[in-house]
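Visitor: What follows is the residue order along each chain.
Protein chains: 4
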Amino acid sequence: MAHVKIIGAAGYAGNELARLLISHPRIESLRLIDKQVEEATSVWKFRPSLRGITDQQVVPDDDDSAADAVFFATPDGVAMRLARKYLERGMRVIDFSGDTRLRDPETHRTWYGIEHQDPALQQEAVYGLPELHRDRIRESRVIANPGCYATSVTLALSPAIRNNMVDTGMLIADCKSGLSGAGNHPSPAMHFPERFGNFNAYKITGHKHVPEIEQELSLLHGGEVRLSFVPHLLPVGRGILSTLYAPLRESRSVEEIQSVYEEAYASHPFVRVLPQGEECNLKSVQGSNFCDLSVHVDDRLGRLIITSALDNLIKGAAGQAVQNMNLVLDFDETDGLMQAGLWL
Amino acid sequence: MAHVKIIGAAGYAGNELARLLISHPRIESLRLIDKQVEEATSVWKFRPSLRGITDQQVVPDDDDSAADAVFFATPDGVAMRLARKYLERGMRVIDFSGDTRLRDPETHRTWYGIEHQDPALQQEAVYGLPELHRDRIRESRVIANPGCYATSVTLALSPAIRNNMVDTGMLIADCKSGLSGAGNHPSPAMHFPERFGNFNAYKITGHKHVPEIEQELSLLHGGEVRLSFVPHLLPVGRGILSTLYAPLRESRSVEEIQSVYEEAYASHPFVRVLPQGEECNLKSVQGSNFCDLSVHVDDRLGRLIITSALDNLIKGAAGQAVQNMNLVLDFDETDGLMQAGLWL
Amino acid sequence: MAHVKIIGAAGYAGNELARLLISHPRIESLRLIDKQVEEATSVWKFRPSLRGITDQQVVPDDDDSAADAVFFATPDGVAMRLARKYLERGMRVIDFSGDTRLRDPETHRTWYGIEHQDPALQQEAVYGLPELHRDRIRESRVIANPGCYATSVTLALSPAIRNNMVDTGMLIADCKSGLSGAGNHPSPAMHFPERFGNFNAYKITGHKHVPEIEQELSLLHGGEVRLSFVPHLLPVGRGILSTLYAPLRESRSVEEIQSVYEEAYASHPFVRVLPQGEECNLKSVQGSNFCDLSVHVDDRLGRLIITSALDNLIKGAAGQAVQNMNLVLDFDETDGLMQAGLWL
Amino acid sequence: MAHVKIIGAAGYAGNELARLLISHPRIESLRLIDKQVEEATSVWKFRPSLRGITDQQVVPDDDDSAADAVFFATPDGVAMRLARKYLERGMRVIDFSGDTRLRDPETHRTWYGIEHQDPALQQEAVYGLPELHRDRIRESRVIANPGCYATSVTLALSPAIRNNMVDTGMLIADCKSGLSGAGNHPSPAMHFPERFGNFNAYKITGHKHVPEIEQELSLLHGGEVRLSFVPHLLPVGRGILSTLYAPLRESRSVEEIQSVYEEAYASHPFVRVLPQGEECNLKSVQGSNFCDLSVHVDDRLGRLIITSALDNLIKGAAGQAVQNMNLVLDFDETDGLMQAGLWL
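Protein chains in written order, with my numbering: chain R, 1 to 344; chain S, 1 to 344; chain V, 1 to 344; chain A, 1 to 344.
Chain R with its partners taken away, still in its complex shape (with noise of 0.2 Å):
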């Protein structure tokens, strides 16, 4: 059983957290933190589906209580600037912002526009995306949740660029999101008349979950890989739906590319590599941890295109944080994970 604090538990993504960790059975107690708040605050003011479930408060600063793990559900700057009392304290941390997902400090400067506070952080961190570092996470401090993008981006390509079965000149993924994702702050671009029926691209050139894709998938080629990266809002609550290009370095068929891609995932939960002529879709996995692969071959033209899709807020946040949470503190890594989709 564990006790654990949650700083940032008044966003999108932190209340997730806090409705996973609420119910998960190892945990036994949480500390919802927020400066956002004046004073405490049940928690289901935040998410209204939580009331006359737990009566848990979320409280302007933390205290001094002792804690196995804290996540950082805050915006980029603030885990470089407080983790490091946390750590200094003997809690694990778990953050997820930018400030710990790359490695190099210049590429951190180039795409995020700031000057980090604690590179020494920023070194020690490992990416925390459990199906490809999933001992080294065990074993870490510091552990850098993903971005909801680059968890679905990077789950689709790895098997494909670990087994060299692609040429990484030219990859391209092409990503729809729904708006959830966007955070709690009303805005022209999320205000719903304008945003119904509706759908664009964003951020063509500039989205700050490339590097760290990047990042993963070098460590995976062993190379330089780098790829163009198109985010798009789709006009519903939740979901993420990638579809990614890559051409095949020589012809494979698609039964073999499937087997490798099943391979790759024998051993981990949450990704499901759907069978052959399934298509993956966003109902499928909102709601859940998992996150579905659908493999094709064009044969034509000799390209491999993989179709995946997850949930923004738990697999693509707040699960994926539940997860990498469950390895660093030892327990089963599905604990707390197993709850369907509704579907419907």
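Please keep in mind that the hints were generated in silico from the structure rather than gathered at the bench. Ideal placement from N, C-alpha and C gives every residue a C-beta, glycine not left out.
One-sided and incomplete, this derived list gives chain S residues near chain V with beta-carbon spacing under 7 Å:
{"id": "1", "residue": "Ile172"}
{"id": "2", "residue": "Gly197"}
{"id": "3", "residue": "Val230"}
{"id": "4", "residue": "Val236"}
{"id": "5", "residue": "Lys283"}
DSS-like cross-link-like pairs, simulated, lysine-lysine; straight-line CA separation at most 27 Å:
{"id": "6", "chain 1": "R", "residue 1": "Lys35", "chain 2": "R", "residue 2": "Lys85"}
{"id": "7", "chain 1": "S", "residue 1": "Lys208", "chain 2": "S", "residue 2": "Lys35"}
{"id": "8", "chain 1": "S", "residue 1": "Lys45", "chain 2": "R", "residue 2": "Lys203"}
{"id": "9", "chain 1": "R", "residue 1": "Lys45", "chain 2": "S", "residue 2": "Lys203"}
{"id": "10", "chain 1": "S", "residue 1": "Lys45", "chain 2": "S", "residue 2": "Lys35"}
{"id": "11", "chain 1": "R", "residue 1": "Lys35", "chain 2": "R", "residue 2": "Lys45"}
{"id": "12", "chain 1": "A", "residue 1": "Lys45", "chain 2": "A", "residue 2": "Lys35"}
{"id": "13", "chain 1": "A", "residue 1": "Lys203", "chain 2": "V", "residue 2": "Lys45"}
{"id": "14", "chain 1": "A", "residue 1": "Lys45", "chain 2": "V", "residue 2": "Lys203"}
Here chain V is said to cover these stretches of chain R; the calculated rule only asks that three of the stretch's residues, wherever they fall, bring their Cβ under 8 Å from a Cβ of chain V:
{"id": "15", "stretch": "9-21"}
{"id": "16", "stretch": "46-52"}
{"id": "17", "stretch": "277-286"}
{"id": "18", "stretch": "329-341"}
Assemble the complex: chain R is given as a structure, and chains S, V and A must be docked to it using the hints.
Guide: Just chains S, V and A, lined up with the frame of chain R:
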């Protein structure tokens, strides 16, 4: 051919009106004014679908140009201060706000909570529901363009009340509106992730459209009529569907009441009384100036049940304003208003 | 620990029930049956979100295995033919259909238009709304799981009627339901392009949930209660929001009625009477077994207005069935049912 | 003034075309034909928004009346059998199907899987994308109205390919379409509860619009062009947004390419090349005949990225057919087509 001005052209109702007037066959010049803009701005910045159709600008201030009519697509409290000077220059005024809808100053004070700045304007105005007051509108200098909900409810109940068919002591209007009715200012309540797939009632006992409905129905009844009115927020862009309940004073067949409704609207091109067995719906009216009505009798309980559908931005706002303009400027009532909705 | 069977496991309600029972802590074995399948088929073919969670099969026929309870998630007309043999084998029967909801054979004939094949079953059944009949359900062999609309309306009106606070001569239920309530058979009326952004009323004077609402409210009132009931189709997946109107017999403050409602449901874990000033909505209940109620008084007109929200597939169907099973099998009433909805 | 006929007027594309032609200023008579109707049926039975606007009937069979043009808004395989006799009577033919889009019989056989019944028709037809073939369309007797996806992709890539700016060996089209594109036949895949909030790819390596895109781009390139094309289903009614990826042959500034695009479409009223910094989206084009394009360069990787938005039923089908008709009948190209979309 006419010259017209719109005050408040940058809001949803104002730019819907601009859209309609730009293709109106009898409009020679159109001046778009909104104090929210700092400099002349193409109207398609606010309504992107107009790009390539018009280069009409929205300007921050009016000039001294003459016009035949001026529209106030403004919040409550503006027309009462500014309309007078336009009247004095000989223009007809069509006001979208609550400043001119109520004849009784005390009722206005109670429901709007502000002191009227031009009581004579309030007295002079004619309630701009052409299906009730077509002849008086033609002669009037000041037209109070009705509220969206008020149009929906009043058109649905008028024939029954005018013909003394229902007991006015137990009228109920259960109304459901798309979210464009809430205007273009972002707010937590209109934030896409919170509204998507959601539905709820609001302002259950205090919506400002109540007194204008009661005023008009009381006039028709020749005695005080009051009703319960509960608005709800539909997770769609456009459209109001209202369900009206009224006890029948004496037993009537649905065919008899159907005839009364058909006759009541026989000369009114924008009210479609659907045949028995067809049920009105939002898609049929979205994008058009029609109000559809379906007539039902619950024989078991002796109640009249009417359903009513319209587009809140057209028959509920800008289209009705054009219809009123057509009347005051002696154009054909349907000029510029016979577009079919898209349905899909 | 219990053994249970679901007849009709391939429909929306049946596979929602399977989803709930698969993670229910007191279920030892589950048999899923549906004559629509030709051979054993994984339940996740019908509910793709269950893939990776369970390999439970849906089979075309039942076998002779014993069970503690059997659910009929079947259309009207099935339980009346098949339930008897399960009763005779000592199983408790929980029926989702209209076959067991009504005690009066004539009312059944009138509203359902079919002759009952097992009148004794109809007489023996207890109406499975635990908030009304918890003790009788515990003792019963046959439970009639209520209709989704009926649950929404009956929970909303019961406290007022039991306490004789309203005039039962003018009750109105204006109900709005998501489209999962229509089942999984494609039809023009449920074709996505025709429903997207649409809204309309249907079956305005003849929905089959009317007589069960009237039966239950009449029992509470100690005299005949009848109501107007108008269902509408919301363009969302899950959820029913009902707005109920009832004239107050005498003037009452909203605080007084609020207290009556809070007291009525104080011992019922799945009804949340929201505090004054908070309005129930669909998102708060989607995915959970809660029914939320908001209490309003229109002082101007002396009317009680209640709004009620629930998930039609959970508290309106499968969740309520589990709640009933928990009672008949002497489990804790909340076992397997305390999941929070997702909200986003 | 012209006389025209629509074969297939009861389908989505056919009644969209009827909607446009009913308000077209140059149409004198319109005959609506669909063998799916058993007797003359008001067109508003299929498109309820037309009620009160027109009483035009859809009839099961054509008569011997003369006409200037006939539209085949029919599935593949109809025009190849029926168009000839209309040509022989001197009418221009505008075909919505795949029967006339491809010049190469072998390619037609491969992708459509049927034998062509009128190869001369196929040879004579001109591909009806006015932005590519305006002059040839004017002279042609048979116009192949392009596929909706094909219009979106071809308009987006043409300027780059004609100007030899991109490497045609690695073109990718990732396209997202609203569900009206799937027609009006109910199916499990289009059942509202299964599609609401959902999103997925389909026909990943075999959509029939591929060969017409490749045919047209190859003509522009002067050599074979092939592309990967992945369509996706958006949970909205109307609109296609495509994202196109192409490696630049040599480094180019975005401003240079922007100029090429602006120039390419300067004389084409229905393509709006948006200024740098503005991103096309579905709402801006829903309800109109415009195709919007946004030009991007990923300098890091040397790739051109174009986004393209249009209304699949208008510029992607019926509007384009009217544009083609305007050309063949020597009307102004924009006649009847300058309606603004609603935006909200």
